[in-house]
Amino acid sequence: MKGNVFVITSGKGGVGKTTTTANLGVALARLGKQVALVDADIGLRNLDLVLGLEKRIVYDVVDLAEGRCQPRQALIKDKRLPGLFLMPAAQTKDKESVSEAQMARVVHALGADFDAVLIDCPAGIEHGFRNAVAGADEAVVVTMPEVSAIRDADRILGMLGSRRARIVVNRVRPEMVRTGDMLSVDDVAEILGREILGIVPDDEEVIDTTNRGAPVALDASRRLATIYTTMARRLLGEDIPAIALHEDGLWNKLRRIMVGQR
Amino acid sequence: MQIKGTKSGLLLHMHERPLTPVVNKLRERLASLPNFYRGGRAVLMLGRQPLEAADLAGITAILEEFGIIADGAVCDADDVAEAARAAGLKIVAPSVAAAPRVRDDRTEPADVRRARHEGGDQAAREAARAQRNGRASTHADTNAAENCVYKGSLRSGQSLSAFGDIVVIGDVNAGAELIATGDIVVWGTLRGVAHAGAEGDDRAAVYALRLQPTQLRISRCIASAPGDDARPVTAPEVARIVDGKIAIGAAVASRDKVRSR
Amino acid sequence: MSNDVREHREELIALQPAETDVGARPEPDQDATTAADVLSAPPPSVPEGSDVDDSSAMASPASQPAAAETTHRRPRSPQRARATTTGRAIVVTSGKGGVGKTTVTANLGAALSDAGKRVVVVDADVGLRNLDVVMGLENRVRLHSLDVIEERCTLDEALVRDRMRRTLALLPAAQNRDKDEIDPEDMLDLVDELQEKFDIVLIDCPAGIEQGFRNAVGGAQEAIIVTTPEVSAVRDADRVAGLLPGDMPARLIINRVRPQLVRKGTMMSVDDVLDILRLDLVGVVPDDKEVIVATNRGKPVIDVSGSPTGAAIRRIASRLLGEDVPIPDFTAQQAWYARVLSGFKPSRPSTKGS
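Protein chains in written order, with my numbering: chain A, 34 to 295; chain B, 714 to 974; chain C, 7 to 360.
It should be emphasised that the hints constitute simulated quantities derived from the structure, not laboratory data. Values in this document were obtained by computation on a predicted structure and should not be read as measured data. One or more of the hints may lead you astray.
[To be verified] Partial list, derived from the structure: chain A residues whose beta carbon lies under 8 Å from chain C:
(1) 45
(2) 47
(3) 48
(4) 76
(5) 79
(6) 82
(7) 115
(8) 157
(9) 158
(10) 159
(11) 181
(12) 185
(13) 187
(14) 234
(15) 236
(16) 254
Note that CB positions come from ideal geometry on N, CA and C, so glycine has one too.
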């Protein structure tokens, strides 16, 4: 199956777009798919760092768009998983170096060769955002149960046109939801009015894995890996219903609920 | 054949053979906008299929006619490189083809800062205006070596390239890059990417007080730092090509002793 | 340095023209280019019909900055006399999103106001405004900066006074407009006018390094870069530091420090961050889950009693006003408490303290 192109966006910075892109990519590859991850944050690239691939960058998406290399040269093959590839952004250029038309061309070409293409979108709604969205069929909007993040996610949803958009609620802290200090996932879903792709609990180990370039989804024994796998399967079109969250559960109960039926 | 414009010049993709129809298409394309590219530089991307030096001469002649300087050729095969050299073209690595000369995207570029220091605000404003309007003027005399001594550190996203050697007195942070046709010396910590011998000089070297690069490139060789940053860097080191691979050794005053890694 | 070198250097300094004050700027004339112009010039465009990509930028002449052509805009003011101003315009930026710029800006504004200054915080995130929400003022926002620029109202009419602090005000951003409808000179103009009424102007910069960033920086005289002790954030902060004007003083705040993680070795230390960024450190702010609670309620975290985050921001405000307040070493402090609470276990010698 030649796949869909997904843009992972948010509006608000720092909610976990890059981490989500990396982990979803890993999860898809572990399911045996051929996945291309594209970093659209030109000038502020981070996807390569999160994947631990920064030392292997030779060509980047701007080189490809300007015709200085072939597509295969700009794709870095991850040595840990057979189907995972990264197309890095340029660091020494700015977002105006690439046009929406160029990005769309690059991304469509990848879509023909890969089962899934995930585009890591920069924060904001400026040129970089428009570039990232240009070639995408569907969107994944990452948000947090926090006022500013939801407001920005709402704005972003309005700028995605008629594309299908699903929500990832990231960095949820169930104990704070219980004490009323944090919005519940149901609240978020109601405000944004879109389908939920997944719910990811806050986990301080994520910072460590980010710093070390080893996305948490690589480790099958971690609860987060299971959550990302479920999200990956939903991206591929599987209909895995989510059971309503009970916020007063323990971590294990939470995990069972979020994984849903198999 | 494709003409692509970038901030540093034209890239002419000429992978197909025979070249004669390409030559004709080029003339047509340039004739439709005769003065648009005048004064600029072009790099020919010649691919790997064999070609005749005579064809190449035809191309450079047309470029000259329209006032375009053929700066060099990127060749993916040795015989193509031979022919390019015979036609008087410099062999250029893709990264130098694309790299701007000296690029400082601070809001006040180096020329403007220098002008301000020498002549005050009025001079700075004139320099800024000139910078914006006169891009072509910086490409004159590309054959002269221009060694570059940069006093200061390079931050992520900054890029410095030169035809000649580069000396940086300061650090080069991760995300910054140095591209030189000659040697590179960093009197500080090199954490970014350094490409020495960018036009194919295998004898070029990269020196640093603390050599901790994300990636090193010398001529056509590329090497990334092994493992993580746990390698204790306590002394100045130099990287060179030894037995076809990049090797790092202590930079001793009298002779570099470089071991293969 | 030997004596001769030092004397020689002093001679040189005496010979150089006097440095301009941080507050003063050269007089702009009609067609002069300033740093702001160089910032705002868009990439030159290419004529139709050639096979050249949109990104080509060779021989075409530079074009005028693209301001909205059909919307009315207020005339650019002639140079306001800045020579005697003691006001300050500080942009709070980061590159990376989500490191706490908006929270820091709002809380610093409140802290500086408590210290007796007249402060205005400017939301430069057109289209994704959040400063009003963090300050709990979203229900009072009626007009915004673009209304002022397009002369639909005066600056005074657009300002929103804080509910609790009389000397603190907010200039909101528009929510349904785009950042490229403003350029750095518009910001400069607004800031100039604000400096007539306020001692300190704090500009909350949007994430990224695009037009929004350039606009925010264009109005400022000083910068505060906010980062967290993570590789990506530091990388982005470095990028931003390299994009600021060469003569703009820039200082660093390291936010969301978690001392336990630093000690475990899974988070960068203050020294690790400074080794790369080499900026003047104006504060280290520890992480605290109270911050998100306060933000969600529109309450400044400096008003939450006992919050180490709030205390740290108050210290930063003092330092900005020139007080010499030492920066505590959070890792050492925590280690001490941990030692006391868990009995006498062998501990590492404490690192350099305040």
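Outcome of the hint check:
no.	hint	result
1	45	holds (6 Å)
2	47	holds (1 Å)
3	48	holds (6 Å)
4	76	holds (5 Å)
5	79	holds (4 Å)
6	82	holds (6 Å)
7	115	violated (26 Å)
8	157	holds (5 Å)
9	158	holds (5 Å)
10	159	holds (4 Å)
11	181	holds (4 Å)
12	185	holds (5 Å)
13	187	violated (10 Å)
14	234	violated (14 Å)
15	236	violated (12 Å)
16	254	violated (19 Å)
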